[in-house]
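Enquirer: Chains A and B supply the protein sequences, listed in that same order.
For what it's worth, the working numbering labels the leading residue of the first sequence as 4, then goes sequentially.
For what it's worth, the working numbering labels the leading residue of the second sequence as 4, then goes sequentially.
To be clear, the hints were calculated from the coordinates, so they are not data collected in a lab.
The list cannot tell twin chains apart, which means a pair is met if one copy fits it or any two copies do.
Below are the DSS-like pairs computed for lysine-lysine, each with C-alpha atoms no more than 27 Å apart in a straight line:
id, residue 1, residue 2
1, Lys195, Lys26
2, Lys77, Lys18
3, Lys183, Lys148
4, Lys55, Lys18
5, Lys18, Lys148
6, Lys61, Lys18
7, Lys127, Lys55
8, Lys18, Lys196
9, Lys26, Lys55
10, Lys61, Lys26
11, Lys183, Lys18
12, Lys195, Lys55
13, Lys18, Lys195
14, Lys153, Lys77
15, Lys195, Lys183
16, Lys148, Lys55
17, Lys148, Lys77
18, Lys77, Lys160
Protein chains: 2
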Amino acid sequence: MRKQKATNITWHAHKVSREEREKLLDQKGVVLWFTGLSGSGKSTLANEVAYKLHERGKLTYVLDGDNIRHGLNKDLGFTPEDRAENIRRISEVANLFADAGVITLTAFISPYRRDRNFCRSLLKDRFMEIYTKAPLEVCEERDPKGLYKKARAGEIKEFTGIDAPYEPPENPELIIETDKETIEESVNRVIKKMEELGYLHG
Amino acid sequence: MRKQKATNITWHAHKVSREEREKLLDQKGVVLWFTGLSGSGKSTLANEVAYKLHERGKLTYVLDGDNIRHGLNKDLGFTPEDRAENIRRISEVANLFADAGVITLTAFISPYRRDRNFCRSLLKDRFMEIYTKAPLEVCEERDPKGLYKKARAGEIKEFTGIDAPYEPPENPELIIETDKETIEESVNRVIKKMEELGYLHG
Numbered sequence: 004m005r006k007q008k009a010t011n012i013t014w015h016a017h018k019v020s021r022e023e024r025e026k027l028l029d030q031k032g033v034v035l036w037f038t039g040l041s042g043s044g045k046s047t048l049a050n051e052v053a054y055k056l057h058e059r060g061k062l063t064y065v066l067d068g069d070n071i072r073h074g075l076n077k078d079l080g081f082t083p084e085d086r087a088e089n090i091r092r093i094s095e096v097a098n099l100f101a102d103a104g105v106i107t108l109t110a111f112i113s114p115y116r117r118d119r120n121f122c123r124s125l126l127k128d129r130f131m132e133i134y135t136k137a138p139l140e141v142c143e144e145r146d147p148k149g150l151y152k153k154a155r156a157g158e159i160k161e162f163t164g165i166d167a168p169y170e171p172p173e174n175p176e177l178i179i180e181t182d183k184e185t186i187e188e189s190v191n192r193v194i195k196k197m198e199e200l201g202y203l204h205g
Numbered sequence: 004m005r006k007q008k009a010t011n012i013t014w015h016a017h018k019v020s021r022e023e024r025e026k027l028l029d030q031k032g033v034v035l036w037f038t039g040l041s042g043s044g045k046s047t048l049a050n051e052v053a054y055k056l057h058e059r060g061k062l063t064y065v066l067d068g069d070n071i072r073h074g075l076n077k078d079l080g081f082t083p084e085d086r087a088e089n090i091r092r093i094s095e096v097a098n099l100f101a102d103a104g105v106i107t108l109t110a111f112i113s114p115y116r117r118d119r120n121f122c123r124s125l126l127k128d129r130f131m132e133i134y135t136k137a138p139l140e141v142c143e144e145r146d147p148k149g150l151y152k153k154a155r156a157g158e159i160k161e162f163t164g165i166d167a168p169y170e171p172p173e174n175p176e177l178i179i180e181t182d183k184e185t186i187e188e189s190v191n192r193v194i195k196k197m198e199e200l201g202y203l204h205g
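For reference, chain A alone in the conformation it holds in the complex (with noise of 0.2 Å):
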């Protein structure tokens, strides 16, 4: 690309790396992974941990049903190929958040352990899984988008809780009881545990 042709000189570009995005995010690129059922509260946690998180200076990117389902992933279904491979998109996409240096959070039932594990193997030690653990009967009460309803007349297969399976995380880094505490306690402990793990400086 310089105006001496025909050398062999091969030209390294210089490259921003993960670090230097890092230093000046002052934050660790990471993902926070939440996972349970529908209704549970993923949703409504990860978007009030990103909305704190913002107030403190920090860059945070909410993956969720609303921008994946209808964009990068729109040609896929709810068969378990199709669940492993959405999970899957997801993983390789917040990975590349993460290497950008953002706070990432995702918020997907994704329900089988091996789909979240391939995402924690991508990211290793960058990676928090947060359980948000609430009762089938809370969850199915709350139904926040009716598809519980939906599900009990049969209208949706195979839905996650109702007649599709949902295998709870083993070592999560955070269990968070959705039916036990206030919000405010919930994102105060996802904060301290992001502290802890040294993710709020870069």
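Assemble chain B onto chain A, guided by the hints.
Expert: Structure of chain B alone, referenced to chain A:
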């Protein structure tokens, strides 16, 4: 997620908007889409622009073959269908990055006008198409990865410029003739254009 159960109150989470992230970062979330033949200088230029912007305190991220083909798109080959799906997914990911407020630079041959225009349709006025233009002979002489040699030997099929077409952009925001200007000149032109478009303030 609050302590009171069994109410009909839908609790709306705070959400951080793109505008709020852009204010935090003092930049716009945009996509700089570099397109051109293999060896035309896409990746080199993208990385140099990112480096210069990083020195000015801007958050950038480069999407290229290195971080996409081995991860998100490792299931895709080089048939026309797979090439289209490759660029579709990259476009969706670039759109998410721009939504996060990141100055996103993509460096892919992206030979088809239709595929590039899909990304433009997602990003609208947050999309800068940059055509790194160099004669095939120059690119082939540079041959930084030895790919032209392999394509000429028939070891790689459907190689853009040899036995697969490249459709030049019709109205790119910038054309950079990488055999006619220094990389410093090219970088400055890209950044000047970004300033004109208001991308470098939140």
